[in-house]
Every structure is written in structure tokens, then in C-alpha cells.
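Given chain A, work out where chain B should sit, using these hints.
Protein chains in written order, with numbering that gives the first Met the number 0: chain A, 0 to 223; chain B, 0 to 164.
Simulated from the structure, these hints should not be mistaken for laboratory data. Take these hints with a grain of salt, some might be off.
Below are the DSS-like pairs computed for lysine-lysine, each with C-alpha atoms no more than 25 Å apart in a straight line [said to hold, decoys possible]:
| hint | chain 1 | residue 1 | chain 2 | residue 2 |
| --- | --- | --- | --- | --- |
| 1 | A | Lys212 | A | Lys40 |
| 2 | A | Lys89 | A | Lys42 |
| 3 | A | Lys93 | A | Lys40 |
| 4 | A | Lys212 | A | Lys34 |
| 5 | B | Lys160 | A | Lys40 |
| 6 | A | Lys216 | B | Lys160 |
| 7 | A | Lys212 | B | Lys118 |
| 8 | A | Lys93 | A | Lys42 |
| 9 | B | Lys160 | A | Lys220 |
| 10 | A | Lys34 | B | Lys118 |
| 11 | A | Lys42 | A | Lys212 |
| 12 | A | Lys220 | A | Lys93 |
| 13 | A | Lys34 | A | Lys89 |
| 14 | B | Lys90 | B | Lys118 |
| 15 | A | Lys216 | A | Lys34 |
| 16 | A | Lys40 | A | Lys220 |
| 17 | A | Lys40 | A | Lys170 |
| 18 | B | Lys160 | A | Lys42 |
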Amino acid sequence: MSLINYASREINCKIVYYGPGLGGKTTNLEYVYEKVAPSSKGKLISLATETERTLFFDFLPVDLGTIRGFRTRFHLYTVPGQVYYNASRKLILKGVDGVVFVADSQIDRMEANLEAMQNLYDNMAQHGYDLTHLPFVIQYNKRDLPNAAAIGDLDAALNPGWPVEDPERQKVTPDPYRPGAYLVSEQNGVWVERVPTFEGVAVRGDGVFDTLKAVSKLVLKTLG
Amino acid sequence: MTAPRAASWAFHEEDSQRIRGVLVDFLRDASGRTALLVDRAGQMLITVGETPTFDPTAFASLTAADFSANDQLARLLGEPEFGALFHQGEKESLYLADIARRVILVVLFDNRTTLGLVKLRMRSAVSELTTIFTAMFARDAGTTTQVDAGFVDAAEDELDKLFGA
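Just chain A, same shape as in the assembly (with noise of 0.2 Å):
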């Protein structure tokens, strides 16, 4: 979890990027590190096969500057999303501060989307981390492509939400990302809770900003 080093007055948070294989996460990292100023960035590392393949993970370190006295660094990482190498993606989850699910909106990769979901939970809980208590957010990525399925569908099958359990905190909470969205609502009788998502297209950058910012203010809130 997230390092606060009063040694070298540093904190350091760690935020994964999980999802199925060509979903769009180094790509989602690319367009990040050649957005963001050098003043503010790390190099970015890729541990990848021959055919650019993510074999290991991506490796991005954004920096917020010196804030109240503490250099404050976002550790951004990637996973491959090839299912043989889920050794890999277990070992990149240790200490994550915070995930980001990118699916891949087109229908026929729904299995796709749907077993890389069930494996970072899977991951996850290996690790003895509870994903439903973690920032969390979820992009549907590739939403220009003509076979992209519905916001709907990709809510239903991929953010389907927990139960809300305290009661203090069974109120309707609109989803400050989706006009008439919400992150809490009460379905039959059941308080159900969301995680945030965004539409995106990574190779233009759409989204890919409004998903990290939205992910990086959860870690924050953690730290609070």
C-alpha cells in the first residue's frame, strides 16, 4: 500500500492498469507519458516481447511535485493481458494503491473483458486485498470502433456492484463522471454500489486522462 517515506520526505502510490490482452492499457500509459511535461515524468519502461506485447509490465512514474513539504509520485504500471501470463499480472498487483480495469468495448471480446475481471478479483484476493474496499475505476476503451457495445451491457456484465452493507451510506450517490448515473442506487430493495467508469479511446487519448485523474483522487482520499 502507499509508502510515506518521512525519511526522504516522499509518497509513493502504485496504480495498476488490468484488462484483457490489446484492451488498450500501454497504450493508455503511452499516451500519458507523451502528454505529460518532462518536469513531470519518469522514464517509461516496457518489459515486452518482440512483437511489442506487454511480457512483464509497463512502467510510468508521474510526478505532482513537492506538496506540503512531500514529493508526491503516482507509480503507474500495466499488466499483460495475455491469460498465460497471469504470473506476471499477480506479482505487478503487490502493494497497488489503486486499479484501473481498461475493457474492450467491441461485443466479441465481452469473454475477453468478462475473464480478465474475474482474475483480477481472483488475483486480488490471493493477495489478500478486497477490491470492492480499493480505489477502483473501469474504462470502456475502443468506444469508436462500429462494434462497441452499449454503455449499458458493459455496466451490466462488467460493473454489476456490490452490496452497500452500513447503512449510513445507503443514499443515492450520483456518478459525478455520468450525468443520471450513479455510484450508489437502491435496485429492488438492495443498496448496490458502483465503481466510476469512462468512455475512452486511448490511441486519440480520449479518456485516458479523466480515468487517471478520477483513480489517482481515490488513492488521495485514502491517504487523508
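Chain B alone, transformed into the frame defined by chain A:
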């Protein structure tokens, strides 16, 4: 969505001073160049000795990945862990050792010393550091580390500036 608090951990100035003392002695005895401590999540904790010329952030993330991958290799072989790793270069070499399962000690050394001497001196340094870190983790278990009031607001402002409001 309210963001539940993640279990952070803190590395304090007094911890740093004790650990720095162990590392300074170790480097002197082993004739090593630089000693670094990296946490298993890939974050740099402390550097002692000659200032590295490489990017410490990238180095830390790769070190953690390297060590974790080798951990899994050990398990495939039926070993509980590989407690230490060695990377030999033409001029520079690295020796890495586990500390209390949460931290990695890395020593950089060149031909002014030998692997044998580094390994020998590392054993007692690892033992001392394991005692210190085990006590630190026991002390901080269950406590929640928080930053000063106002930090989150200020950090959110910086995020808006960096990523667009």
C-alpha cells in the same frame, strides 16, 4: 463512492538513521559502492554510499519485479524462496537479499571487492536489518498513517493542473 482507507506504511526518520548506520558499516566492511533498500512494491526507501548515476525510481521498480519473479521461480522448484540473488557484470555487479519478506537490500560493487566478501558481510547486515524491520512492522501493524490536513486538497489541485481540470 467513498474511498476506503488503504493500509499505508511509514518509514520514519529514526528508522532511517538506525538502518543507515547498519548500511554504512556493511559497505565499509564489504568494500561495496552503494547499498539500496527497496520495498517489494517497487519503491525506493534509502540509498547509502556512492550516489547512483542511474534513475533510482526505475531501478527500484525493476528490482522488485526481479526479486518477485525469482521468488516464483523458487516456488516452482519447490524452494520456499531464493533468499538472495546475484547479477554479475563486467565491471559492476549486484547482490540482492530479502529482508523480512517486505524489503530488498541491494548492494552494488565492483572489482575492488569480491563476491565472497560481499556475501559474508551481507549475512550479518541482513540479520540486523531483519530485526529492525520486523520490529518496525510489528509497531505499525493496525495503525493508519495519515498525511497532514490539507495535503489531499493540495494534491488534488496539482492533479487538476497536471491532467487538466
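So, going through the hints one by one against the coordinates:
1. A:Lys212 - A:Lys40: holds (15 Å)
2. A:Lys89 - A:Lys42: Holds, at roughly 23 Å.
3. A:Lys93 - A:Lys40: holds (22 Å)
4. A:Lys212 - A:Lys34: At roughly 14 Å apart (the allowed maximum being 25 Å), A:Lys34 and A:Lys212 satisfy the hint.
5. B:Lys160 - A:Lys40: Judged against 25 Å, a Cα distance of about 14 Å means the pair holds.
6. A:Lys216 - B:Lys160: Since the Cα atoms of A:Lys216 and B:Lys160 sit roughly 13 Å apart, the hinted pair holds (cutoff 25 Å).
7. A:Lys212 - B:Lys118: Given pair A:Lys212, B:Lys118 is violated - Cα atoms ~45 Å apart, limit 25 Å.
8. A:Lys93 - A:Lys42: holds (21 Å)
9. B:Lys160 - A:Lys220: Holds - the C-alpha atoms of A:Lys220 and B:Lys160 are around 18 Å apart, at most 25 Å.
10. A:Lys34 - B:Lys118: Violated, because 45 Å separates the two Cα atoms, which is more than 25 Å.
11. A:Lys42 - A:Lys212: holds (20 Å)
12. A:Lys220 - A:Lys93: Cα-Cα ~20 Å, so holds.
13. A:Lys34 - A:Lys89: violated (29 Å)
14. B:Lys90 - B:Lys118: holds (18 Å)
15. A:Lys216 - A:Lys34: holds (19 Å)
16. A:Lys40 - A:Lys220: Holds, because 22 Å separates the two Cα atoms, which is no more than 25 Å.
17. A:Lys40 - A:Lys170: With a Cα-Cα distance of about 39 Å, the restraint between A:Lys40 and A:Lys170 is violated, given a limit of 25 Å.
18. B:Lys160 - A:Lys42: Distance ~21 Å between B:Lys160 and A:Lys42 Cα, so the pair holds.
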